[in-house]
Amino acid sequence: MTNTETYLKKEREKEWRVDLRKQIKNKERISKTRVKMPEQEPDIRNRNSSEVNLGLTEEQAVNEAQRCIDCPNPTCITGCPVNINIPKFIKKIEGKDYTGAAHVLKETNALPAVCGRVCPQEAQCELACFYTQKLKKPAIAIGHLERFAADYERNSGNISVPETSKSNSIKVAVIGSGPGGLAAAGDLAKYGYHVTVFEALHEIGGVLKYGIPEFRLPNEIVDVEIDIMKKMGVRFVTNFIVGKTASIEDLKDEGYKAFFVASGAGLPRFMNIPGENYVGIFSSNEYLTRVNLMGASREDYDTPVLKGKNVAVIGGGNTAMDSVRTAKRLGAERAMIIYRRSIQEMPARVEEIKHAQEEGIEFMNLNNPVEYFADKQGRVKRMRVQKMELGEPDSSGRRRPVPVEGSEYDVDVDLVVVSVGVSPNPLIPHAVKGLNVTDWGTIKVDQETMQSNIPGLFAGGDIVRGGATVILAMGDGRKAAAGIHKYIQEKVIK
Amino acid sequence: MSKIVGKQHFSEHVIMLEIDAPRIAKKREAGHFVIVKIGKKGERIPLTISSADPEKGTISIVIQIVGVTSHKVASLEPGDELTDVVGPLGQATHIEKKGTVLCAGGGVGIAPLLPIVQATKNAGNKVITVLAARNKDLIILEEQIRKFSDEVLITTDDGSYGKKGLVTEGMEEIITREKINQAFVIGPAIMMKYASLLTKKFSIPTVASLNTIMVDGTGMCGACRVSVDGKTKFACIDGPEFNAHDVDFDELLVRLGAYREEEKESYERYLNSLK
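One line per chain: the protein sequences are A and B, in this order. When you line the first sequence up against the numbering used here, it's residues 22 to 515, in that order. When you line the second sequence up against the numbering used here, it's residues 269 to 543, in that order.
Among these hints, one or two may not hold up.
As a list, the in silico PhoX-like pairs of lysine-lysine whose alpha-carbon atoms are at most 20 Å apart [to be verified]:
#: 1; chain 1: B; residue 1: K415; chain 2: B; residue 2: K365
#: 2; chain 1: B; residue 1: K295; chain 2: A; residue 2: K454
#: 3; chain 1: A; residue 1: K251; chain 2: A; residue 2: K192
#: 4; chain 1: A; residue 1: K187; chain 2: A; residue 2: K57
#: 5; chain 1: B; residue 1: K394; chain 2: B; residue 2: K415
#: 6; chain 1: A; residue 1: K187; chain 2: A; residue 2: K278
#: 7; chain 1: A; residue 1: K57; chain 2: A; residue 2: K278
#: 8; chain 1: B; residue 1: K415; chain 2: A; residue 2: K273
#: 9; chain 1: A; residue 1: K328; chain 2: B; residue 2: K394
#: 10; chain 1: A; residue 1: K273; chain 2: B; residue 2: K389
Simulated from the structure, these hints should not be mistaken for lab results.
Hey, can you work out the whole structure from these sequences and the hints?
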């Protein structure tokens, strides 16, 4: 048995857990139906920027926690990139120790309120849940419960700051304050390092701030979690671009012993079709940054954003859903998703697709833009799309979209958001001599330690993965923190 | 927060601010720019660094008042603080010894031209500079430019200073007089378009520095995209300088006007709020 397994067993055999298990028969637990997340009504929420999901009530949370049978071999944990002790936190909820549940989350997760909202649980912990795997029933709503515990603790006004080891005064630099950087910074602070997070933008949070909209993840929630990290001793420096404002070498001279690069997948991709640079055609990064980070939709903010009556968003990922739902909220009469495959192949979370459909978003699947046309002022007014059909599966295992010859037709649009993926930001790879990168421009790292070919330089998140999720970036951040700890203990101190 | 340590009025609408930014001052080279933001709810705008003092730890930017943000930034006084300054951004100017180099600056574009004139001269070139503006008041930094130019020719639209005429007329006078090996043109997009058409006619390799709309300035948003030789480039990380003869200036002009209406309206609202 590994250390983790032994630890989990020991935790499971604690008296309070044994008692809880005895209180309700498994048969009764299994007979309960999965909780439904309370939501704002679609026709109301598509006109405001408040959160769509309202969060579980105490009663709902306890009832959902009771469904969990506290398996002897909890497979759910294997599905979690940051290894949350899932049964333990759920059982804390069942025992109505909600802040205790939040403490369990924080043992391994620096951002529980964030993850409870934006993690694709259905593809991770909930997919690995005993209910999904063996009972063929809806999984325990692990994500909803995580959010409940984190929100409860935050709203209690008595939010805990995770314990940190005594400061060892060794300086470590984290580059990028998105989910990967924050997760690493949290763990490094726990190990006792003097951590500084360098952020290029004027706000801390990376994609959590500029990318994910308020209606899915309010900025305020991100700020609370960042405040906790400040209390743990993490220093944040905004408006600082490592590779420009100072080089890695400069920072080494200033005493930094190790670096974690989590600079994200910065560069938006375009399709390179005629007319794509007309006014009114944005990348999803630009559109969402203007609205989310810069407050462009609010009267008292200086940054403008173009509004559209007929808005087309190109793509089928979560960012495309965020963009199209944002456009709807900013007053679009028609807000359309144009995606070249069918709805089954969409990479977006099922929940996001469902929410979008409820809010009146039109899904134009098996369509692909081929050209844009503009009015005299250069503003996009029409797009030409081509119908597609699905052919043989491609390398991703999804059926390849094939154009249907002669099927082109025109759609009136006055705003287009291109959301067809991102490339890694080349800033760091360009600024560090001799750094090994892939043909895609992502940084090559050791899978276990996240160390690059340059000793002391670690990397994770989208700059390594290309384009992934918040939680995978956080998993990388935790691994890298452990890798950095090992590196410093073995190579720097000795 | 970055402190303003100096301010100079070039004219009613053009001012220079010296900003405390020691790290940027140390790293910055000719061609680099910064992004600044004023106030918590402010907008991010790119501004080229016109000079820097690494010892003192300051950079200088020149700003022309055209809208809300530039108005607010230009209203700062020494001692005030600018909320956000980040940089240095963009690719530095590629400078080498070419022989005779023609530098042409239009209006506030003279400010970003200054470090290029300086670096070009220091690289051992003969530098001839043409400064152009609508009127005398808008000719800025003349003295500093003269220091690093072998010859300076000034044109104004209204003839209030130097020769009456457009920048292209001044440039053509030089080009037809002597062999030019390289040209730099910086100014309003429309000026760069015609200046670059002229140098193309005479097959003079020319670099233009583009002043696109930007948000983050680090390649993340693509607001600054321009067509260069038929390919889409990002002015913030691939530029801001490009081979002028490959730039689609008409597209640039259209894209620069994306928010013209919104900007006009919000500026009027802002000016009214000051009354």
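*Are the Cα positions of K394 (chain B) and K415 (chain B) separated by 20 Å at most?*
Within the cut-off at roughly 13 Å; holds.
*Given the proposed pairing of K187 (chain A) with K278 (chain A), does the C-alpha separation stay at or below 20 Å?*
The given pair, whose Cα atoms are some 18 Å apart, holds under the 20 Å limit.
*Keeping to a limit of 20 Å between CA atoms, is the pair of K415 (chain B) and K365 (chain B) held or broken?*
holds, 18 Å
*asked:* Hinted pair, alpha-carbon criterion (20 Å max): K187 (chain A), K57 (chain A). Please report holds or violated.
replied: The given pair, whose Cα atoms are some 43 Å apart, is violated under the 20 Å limit.
_Please verify whether K251 (chain A) and K192 (chain A) have alpha carbons no more than 20 Å apart._
Holds, at roughly 16 Å.
*Is the hinted pair K57 (chain A) and K278 (chain A) satisfied, with a Cα-Cα distance of at most 20 Å?*
violated, 48 Å
*Straight-line Cα separation of K295 (chain B) and K454 (chain A) no greater than 20 Å?*
holds, 17 Å
*Has the given pair, K415 (chain B) with K273 (chain A), been kept, meaning a C-alpha gap of at most 20 Å?*
Violated, at roughly 38 Å.
*Within a Cα-Cα threshold of 20 Å, do K328 (chain A) and K394 (chain B) meet the stated pairing?*
violated, 50 Å
*asked:* Tell me if the straight-line CA distance from K273 (chain A) to K389 (chain B) falls inside 20 Å.
replied: violated, 34 Å
In summary, the numbered hints that this structure violates are 4, 7, 8, 9 and 10.
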